[in-house]
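Asks: Residues 0 to 190, numbered by numbering that gives the first Met the number 0, are exactly what the sequence shown covers, in order.
Don't read these hints as lab results, they were simulated from the structure. Please note: incorrect hints may appear among the correct ones.
Label pairs and their computed distance ranges (CB to CB) [as the list claims (entries may be wrong)]: (1) Gly117 with Lys66: 23 to 33 Å; (2) Thr34 with Asp143: 34 to 44 Å; (3) Glu100 with Met137: 37 to 47 Å; (4) Ala144 with Arg67: 48 to 58 Å; (5) Thr34 with Lys66: 21 to 31 Å; (6) Lys175 with Glu54: 25 to 35 Å; (7) Ala131 with Arg97: 28 to 38 Å; (8) Glu100 with Val56: 16 to 26 Å; (9) Val160 with Gly140: 23 to 33 Å; (10) Gly134 with Leu73: 30 to 40 Å; (11) Gly134 with Gly92: 30 to 40 Å; (12) Gln177 with Ile21: 22 to 32 Å; (13) Arg19 with Val147: 35 to 45 Å.
Beta carbons are placed, not taken as given, at the ideal position from N, Cα and C, and that holds for glycine.
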Amino acid sequence: MTHVLNGPFGTQLLCNMGARVIKVEPPGHGDDTRTFGPYVDGQSLYYSFINHGKESVVLDLKNDHDKRIFINMLKQADVLAENFRPGTMEKLGFSWERLQEINPRLIYASSSGFGHTGPLKDAPAYDTIIQAMSGIMMETGYPDAPPVRVGTSLADLCGGVYLFSGIVSALYGREKSQRGAHVDIAMFDAT
Numbered sequence: 000m001t002h003v004l005n006g007p008f009g010t011q012l013l014c015n016m017g018a019r020v021i022k023v024e025p026p027g028h029g030d031d032t033r034t035f036g037p038y039v040d041g042q043s044l045y046y047s048f049i050n051h052g053k054e055s056v057v058l059d060l061k062n063d064h065d066k067r068i069f070i071n072m073l074k075q076a077d078v079l080a081e082n083f084r085p086g087t088m089e090k091l092g093f094s095w096e097r098l099q100e101i102n103p104r105l106i107y108a109s110s111s112g113f114g115h116t117g118p119l120k121d122a123p124a125y126d127t128i129i130q131a132m133s134g135i136m137m138e139t140g141y142p143d144a145p146p147v148r149v150g151t152s153l154a155d156l157c158g159g160v161y162l163f164s165g166i167v168s169a170l171y172g173r174e175k176s177q178r179g180a181h182v183d184i185a186m187f188d189a190t
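All chains, please: the whole structure from these sequences, using the hints.
Replies: The structure is reproduced here in structure tokens:
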């Protein structure tokens, strides 16, 4: 359920550590990064970089048939990771409470710009917005010039590392509690 960079980077770290990761993509062109160049043999290098080693399935979670498939996947899953805006999973019928009913041991990891609580939870957030609001742009560029965006998508990558760390910590905690957990990561906090 992760897309673009923040979530896929966090789950790529899990994959690199040996986890089986199944990427759920929407119908159509899938993850937006499939359309990012450059390409080799028709495949986006960007997409390949943050999704190598993962399995992929196309599901339309607004379709009842595909929802049933997804629910069956969740019953067997250790982790569900997503990086939608807060409220999106609830609109699809997958609130934290519903996920606990499906699989009480599930680790539900959410990564968003500002987290699922607080005054900015509904604010749109992209890497550049987080870089600006966190103040990190004040550390780049020249003293007599306006702030400059860091060259790489630093907020997305930091959020991905925190997502990975939160998931691993929750999995460790589950060994003692035998219960799932909701991990709520804010890119703003991570940057």
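Asks: For each hint, tell me whether it holds in the structure or not.
Replies: Cross-check of the supplied hints:
1. Gly117 with Lys66: 23 to 33 Å: 30 Å, holds
2. Thr34 with Asp143: 34 to 44 Å: 38 Å, holds
3. Glu100 with Met137: 37 to 47 Å: Check passed, 46 Å falls within 37 to 47 Å.
4. Ala144 with Arg67: 48 to 58 Å: 55 Å, holds
5. Thr34 with Lys66: 21 to 31 Å: 26 Å, holds
6. Lys175 with Glu54: 25 to 35 Å: Check passed, 30 Å falls within 25 to 35 Å.
7. Ala131 with Arg97: 28 to 38 Å: 35 Å, holds
8. Glu100 with Val56: 16 to 26 Å: 22 Å, holds
9. Val160 with Gly140: 23 to 33 Å: Cβ of Val160 to Cβ of Gly140: about 24 Å, so the range 23 to 33 Å holds.
10. Gly134 with Leu73: 30 to 40 Å: 38 Å, holds
11. Gly134 with Gly92: 30 to 40 Å: 38 Å, holds
12. Gln177 with Ile21: 22 to 32 Å: 24 Å, holds
13. Arg19 with Val147: 35 to 45 Å: With Cβ atoms ~40 Å apart, the hint holds.
Hint violations for this structure: none, all hints satisfied.
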